[in-house]
Every structure is written in C-alpha cells, then in structure tokens.
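The residues making up each chain are set out below.
2 protein chains.
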Amino acid sequence: MSKYAMFGKLTAHPGKRDELANRMLESSETLNGMEGCIHYILHADEDHPDDLWVTELWESEEAHAASLKNEKVLEVIGRCRPLIAGVTPIKVRPLGGKGFGGTA
Amino acid sequence: MSKYAMFGKLTAHPGKRDELANRMLESSETLNGMEGCIHYILHADEDHPDDLWVTELWESEEAHAASLKNEKVLEVIGRCRPLIAGVTPIKVRPLGGKGFGGTA
Numbered sequence: 344m345s346k347y348a349m350f351g352k353l354t355a356h357p358g359k360r361d362e363l364a365n366r367m368l369e370s371s372e373t374l375n376g377m378e379g380c381i382h383y384i385l386h387a388d389e390d391h392p393d394d395l396w397v398t399e400l401w402e403s404e405e406a407h408a409a410s411l412k413n414e415k416v417l418e419v420i421g422r423c424r425p426l427i428a429g430v431t432p433i434k435v436r437p438l439g440g441k442g443f444g445g446t447a
Numbered sequence: 344m345s346k347y348a349m350f351g352k353l354t355a356h357p358g359k360r361d362e363l364a365n366r367m368l369e370s371s372e373t374l375n376g377m378e379g380c381i382h383y384i385l386h387a388d389e390d391h392p393d394d395l396w397v398t399e400l401w402e403s404e405e406a407h408a409a410s411l412k413n414e415k416v417l418e419v420i421g422r423c424r425p426l427i428a429g430v431t432p433i434k435v436r437p438l439g440g441k442g443f444g445g446t447a
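These protein sequences, in sequence, are chains V and E.
For the first sequence, our numbering gives the first residue as 344, with consecutive numbering after it.
For the second sequence, our numbering gives the first residue as 344, with consecutive numbering after it.
Check before you lean on any hint, since a few could be wrong.
Now the in silico label distances, taken between C-beta atoms and shown as ranges [said to hold, decoys possible]: (1) E/408 <-> V/428: 30 to 38 Å; (2) V/409 <-> E/390: 20 to 28 Å; (3) V/444 <-> E/358: 27 to 35 Å; (4) E/358 <-> V/405: 31 to 39 Å; (5) E/375 <-> V/436: 20 to 28 Å; (6) V/403 <-> E/390: 16 to 24 Å; (7) E/418 <-> V/421: 43 to 51 Å; (8) V/416 <-> E/427: 35 to 43 Å.
A few chain V positions that, by computed beta-carbon distances, are all more than 10 Å from chain E [stated by the list, open to error]: (9) 344; (10) 417; (11) 425.
Bear in mind the hints are in silico, worked out from the structure with no lab data behind them.
Glycine included, each C-beta is placed from N, C-alpha and C at the ideal position.
Work out the full structure, taking the sequences as your base and the hints as a guide.
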C-alpha cells in the first residue's frame, strides 16, 4: 500500500488567516485520533500574509478518503470554507524520508 | 523554543530527478539518527517531471543549523548539488497540527 500526501496552499480572505489557522488546528485535533494520518502540519507563509501551507501524510489514499467521510472533519471543513479565498493544490507523490513511517 | 520548518521545491536538471531523489533519501538516512529532526519528507511533483518538494520539521532553528555542520550531511549536499538546476524556497512558520511533536 502506497503512502499518500496532500500538499497545498490555502489563501484566506484578507485579514482572515489567523482565524482560518485556528479553525484548521481544531481539525488537526480531530485528526489526532484518526487512523492512517501520519502527520498534518499547518504553516504560515512568511512572505504572503494571507497564505497558509498544509502538508499531510497518510498511510494510504484510502485512509485520507475515509477521513473526508468523518462527520467531525466535515464539520471543520464547513466552518473553514467561508474564510478561504483560494486553494492551490500541488499534486505530489511521497517518496520517503525521516518520519515517513515504515516502508513506502 | 519554536519549531522550525524548511519547505521548498528543488528542480533537477532534465531527467535527473530520480537520481537526485535517491541521493536525498540517503541524506534522510543520515538524518534518522539526528537530534531535533522531527521529519524530513521528499515528494515528487506529479505535474512537473523535474521537480521535487521537501518538507522538513525541526525542534528548533538551532537544531537545523547544527545539522548543516554535520560532515555526513555536508557530504550528501555536495553530491546532490551537481544535479540541482534550481531551488525555490518557501519561507514558512510552522503553526502546529498532528505529528508536530509537542507544543509549539
């Protein structure tokens, strides 16, 4: 089974980044108890005041897809959506490294 | 002490991405034994055949700086450099999430 990564930039509506980040970190608390999520890290872009970057690593694409059916996750997504002006996904295939959690 | 993240795109010379990735994964083996490196994950960009993305999370900026003085790390960087056509760093501040390793 191949690991699955999500990777992308979220642009908040002007001035709304902190609020969006706080709501997304609540989502990460939900993910703490979730099977198959190896990490989910939120970053603030230092050069662009409305941008956040999310890096997620999952045991499999299926584990990620299952998380999107979780009611708590869907509720957080619903609460974040009004604060998001744009999403720029970067399609990546995780190759390995430290913290990868076993073999690829 | 604040966590420190490195985040960026590496563009290999045409056709050299796999070779670069293999050398960088050797570097991650070196980092496995390194204090302060929470994760270091390498990804292949699915839409751009010469691009790799690296996401690194460290216990502190100092821990990252110390790794760059490690002889094994410097040796790997030296072996990777000839394969790299360009680097696009994204300056980020890690905020938190699952796999963050304790408090920010």
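Quick rundown of the hints versus the structure:
1. Hint check: residue 408 of chain E to residue 428 of chain V, Cβ distance near 35 Å, so the stated range 30 to 38 Å holds.
2. Checked against the hint of 20 to 28 Å, the C-beta distance between residue 409 of chain V and residue 390 of chain E comes to roughly 26 Å, which is consistent with it.
3. A hinted range of 27 to 35 Å for the beta carbons of residue 444 of chain V and residue 358 of chain E is consistent with their spacing of about 30 Å.
4. A C-beta distance of roughly 33 Å is found between residue 358 of chain E and residue 405 of chain V, which places it inside the suggested range of 31 to 39 Å.
5. Between residue 375 of chain E and residue 436 of chain V the beta carbons are some 21 Å apart, a value that agrees with the proposed interval 20 to 28 Å.
6. Hint check: residue 403 of chain V to residue 390 of chain E, Cβ distance near 21 Å, so the stated range 16 to 24 Å holds.
7. Between residue 418 of chain E and residue 421 of chain V the Cβ separation comes to about 49 Å, which falls inside the hinted range of 43 to 51 Å.
8. The supplied range of 35 to 43 Å is met by residue 416 of chain V and residue 427 of chain E, whose beta-carbon atoms lie about 38 Å from each other.
9. Residue placement check: residue 344 of chain V keeps its beta carbon more than 10 Å from all beta carbons of chain E (closest about 17 Å).
10. With a minimum CB-CB distance of about 17 Å to chain E, residue 417 of chain V clears the 10 Å threshold, and the non-interface call stands.
11. Distance check on residue 425 of chain V: its Cβ is at least 20 Å (rounded) from any Cβ of chain E, clearing the 10 Å threshold; non-interface status holds.
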